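Construct the complete structure from the given sequences, taking the supplied hints into account.
From first to last, the protein sequence lines are chains A and B. Numbering that gives the first Met the number 0 applies: residue 0 is where the first sequence begins, and numbers increase by one. Numbering that gives the first Met the number 0 applies: residue 0 is where the second sequence begins, and numbers increase by one.
By construction, these hints were calculated from the structure, which means they are not laboratory data. Just so we're clear, the structure is a prediction, and the values are computed from it rather than from any experiment. Treat the hints loosely; a few may be bogus.
One copy or any two copies: either way a pair holds, since identical chains are not told apart in the list.
The calculated lysine to aspartate or glutamate pairs, modelled on DMTMM-like cross-linking and capped at a C-alpha distance of 20 Å, are [stated by the list, open to error]: (1) Lys150 - Glu259; (2) Lys101 - Asp50; (3) Lys170 - Glu284; (4) Lys77 - Glu259; (5) Lys170 - Glu194; (6) Lys173 - Glu284; (7) Lys214 - Glu225; (8) Lys13 - Asp28; (9) Lys200 - Glu222; (10) Lys77 - Glu97.
Read off the chains here:
Protein chains: 2
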Amino acid sequence: MKPPVLSFDLGGTKILAALVLNSRVEFRDYSLTHAEEGPQAVIEYIFKAIDRVLKESGLDITQLHSISIASAGAINTKNGIVTLSPNLPGWQNIPLAEKIQKKYPVSVFLLNDANAAAIAEHRYGAGRGTRHMIYITVSTGIGGGIIINNKIYEGASGGAGEIGHMSLDAKGPKCNCGNTGCMETLASGTALAKEAKRRIKGGEESLLSGMVKGKIEKITGKEIGEAAEKGDVVAIASINRIAGYLGVGLVSLVNIFNPEMIVIGGSVAKLGERLLSPARQIVRERAYPLHASAVKIVPAQLGDDAGIIGAAVYAMQQKPFKPPTAL
Amino acid sequence: MKPPVLSFDLGGTKILAALVLNSRVEFRDYSLTHAEEGPQAVIEYIFKAIDRVLKESGLDITQLHSISIASAGAINTKNGIVTLSPNLPGWQNIPLAEKIQKKYPVSVFLLNDANAAAIAEHRYGAGRGTRHMIYITVSTGIGGGIIINNKIYEGASGGAGEIGHMSLDAKGPKCNCGNTGCMETLASGTALAKEAKRRIKGGEESLLSGMVKGKIEKITGKEIGEAAEKGDVVAIASINRIAGYLGVGLVSLVNIFNPEMIVIGGSVAKLGERLLSPARQIVRERAYPLHASAVKIVPAQLGDDAGIIGAAVYAMQQKPFKPPTAL
Numbered sequence: 000m001k002p003p004v005l006s007f008d009l010g011g012t013k014i015l016a017a018l019v020l021n022s023r024v025e026f027r028d029y030s031l032t033h034a035e036e037g038p039q040a041v042i043e044y045i046f047k048a049i050d051r052v053l054k055e056s057g058l059d060i061t062q063l064h065s066i067s068i069a070s071a072g073a074i075n076t077k078n079g080i081v082t083l084s085p086n087l088p089g090w091q092n093i094p095l096a097e098k099i100q101k102k103y104p105v106s107v108f109l110l111n112d113a114n115a116a117a118i119a120e121h122r123y124g125a126g127r128g129t130r131h132m133i134y135i136t137v138s139t140g141i142g143g144g145i146i147i148n149n150k151i152y153e154g155a156s157g158g159a160g161e162i163g164h165m166s167l168d169a170k171g172p173k174c175n176c177g178n179t180g181c182m183e184t185l186a187s188g189t190a191l192a193k194e195a196k197r198r199i200k201g202g203e204e205s206l207l208s209g210m211v212k213g214k215i216e217k218i219t220g221k222e223i224g225e226a227a228e229k230g231d232v233v234a235i236a237s238i239n240r241i242a243g244y245l246g247v248g249l250v251s252l253v254n255i256f257n258p259e260m261i262v263i264g265g266s267v268a269k270l271g272e273r274l275l276s277p278a279r280q281i282v283r284e285r286a287y288p289l290h291a292s293a294v295k296i297v298p299a300q301l302g303d304d305a306g307i308i309g310a311a312v313y314a315m316q317q318k319p320f321k322p323p324t325a326l
Numbered sequence: 000m001k002p003p004v005l006s007f008d009l010g011g012t013k014i015l016a017a018l019v020l021n022s023r024v025e026f027r028d029y030s031l032t033h034a035e036e037g038p039q040a041v042i043e044y045i046f047k048a049i050d051r052v053l054k055e056s057g058l059d060i061t062q063l064h065s066i067s068i069a070s071a072g073a074i075n076t077k078n079g080i081v082t083l084s085p086n087l088p089g090w091q092n093i094p095l096a097e098k099i100q101k102k103y104p105v106s107v108f109l110l111n112d113a114n115a116a117a118i119a120e121h122r123y124g125a126g127r128g129t130r131h132m133i134y135i136t137v138s139t140g141i142g143g144g145i146i147i148n149n150k151i152y153e154g155a156s157g158g159a160g161e162i163g164h165m166s167l168d169a170k171g172p173k174c175n176c177g178n179t180g181c182m183e184t185l186a187s188g189t190a191l192a193k194e195a196k197r198r199i200k201g202g203e204e205s206l207l208s209g210m211v212k213g214k215i216e217k218i219t220g221k222e223i224g225e226a227a228e229k230g231d232v233v234a235i236a237s238i239n240r241i242a243g244y245l246g247v248g249l250v251s252l253v254n255i256f257n258p259e260m261i262v263i264g265g266s267v268a269k270l271g272e273r274l275l276s277p278a279r280q281i282v283r284e285r286a287y288p289l290h291a292s293a294v295k296i297v298p299a300q301l302g303d304d305a306g307i308i309g310a311a312v313y314a315m316q317q318k319p320f321k322p323p324t325a326l
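Shown next, in the form of structure tokens:
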């Protein structure tokens, strides 16, 4: 049997580790990131997860192909550095691959989490058989990954695919990233909840108020989806608003990339056709006909495993990694 | 000597034809498109240009490598069809390559004009030595071409690179393409002239009024550039406005593509640093630092020959073309 990859999905809230071989995932290990404790503490939690997975599986570190980490943020894949990660406070130019490789005698790879999910959806999920595909994850924020000629497109320094930070409104709201009117500020789960709260605070009646027992701040995409199913006007209008911005973002991507497929994942994508149908309609109405007729816009298929599966596929495609200053 | 390509640059106003071998251009032939006469008439003008270049050069059609046409519009490169071209009235699904090939026994290639210019700038111009490069032409409209791994990225049907039809303002002005707030409506030469006219009609004093002898409608980017050189406030403010939108568009492209270089060509790019400097500043301020530090934003170098040179390079890279229904 080929050696598996020990894959990580490192998010702002939780860490998922597992052994991955092709699309098979075993020995899943969930833990909390405790991002507020800072980079060094989080790295220690990663070490502990490595040790647990090895112990559970009975494997020795030398029996791994590699460790591969899908991380939120702007990742320099060339040298394994997290340059910036808005949901991981204090992570600026952290040489994560090197730090792991100093402790464990194994190749370590690092890539953006949405890029990893794009790779997985292309290889084993909704994008199978396409040559040019875009993956978008709509969740608390919005991330993306670009498949060109069947490979992840990384750009000059591994940062390509920051689709959530395409501006849809040059004079729009400020984004955490420093830009204005980013798709992330207008079409994410955060934007969805914000719109519903704004409407309720403005006096509109909604089932949502009762669902969170009046604690408006607790409204999330999940409640909005449930309320929309019951015909709640505030919920439906809020979804339509972010679907509209998502659609405008998709038009731009369709005109620029002329892709065969756009795959939409992430927690907000669980809204399903309520989100995708109006977005598709906007693409049909506004994108170039040549481009609109070429593209399918579909939901992702791999769910929460996409990041770890993609990280493993990515690692299998790379040359063994040696960070510049490794021991 | 290798056989040359008979290259065309087919625009809404004029047709440039020439023999091209690598970056050498000979027997340039300029004629008017007479786009208002419709596709069949324009195709006849193309035939006449072919005949003139062959006669002038003393070459026989069989001595050509191919005919290659850089055309404005959304081009299906797979089957040589102009699917839509806003500046060529009536051009909808015109099988241009096939029509030429029915008359001349030679391979015929067709691609978008900005894609051709991107290829040329990458091979022989400002983008030499880069691996991932974006070309933008800012002129009456805005077009683009994307170089990935040293090759033009064409997408599923040859339409990739419609950068001018990325929306910078989801609720912005309607674009000819059917979308709203496209970069083309906010940062093109047309947008520049419109802004200057708006200011003058609103009562602002400007040298521009005198330069066009009060005929405000005659103001173009050329006069605005000249007035800006003389310190004219309306001209400078108008340039700053489109530079601002150009900058916002560049931020999105930098975040999405993480390119090594963005090359800016087209007639409006002749404004030079007045346009590029504020746009670059916005990229430095708003794009991800990982991405902003990787990209150079520079003027194009090949001028009006970029389209025909790129069309020739493209033809040399293709397999001989047979449209599906050719004789």
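* To do: Please write out, lowest number first, the hints stated earlier that are contradicted by the structure.
  => none
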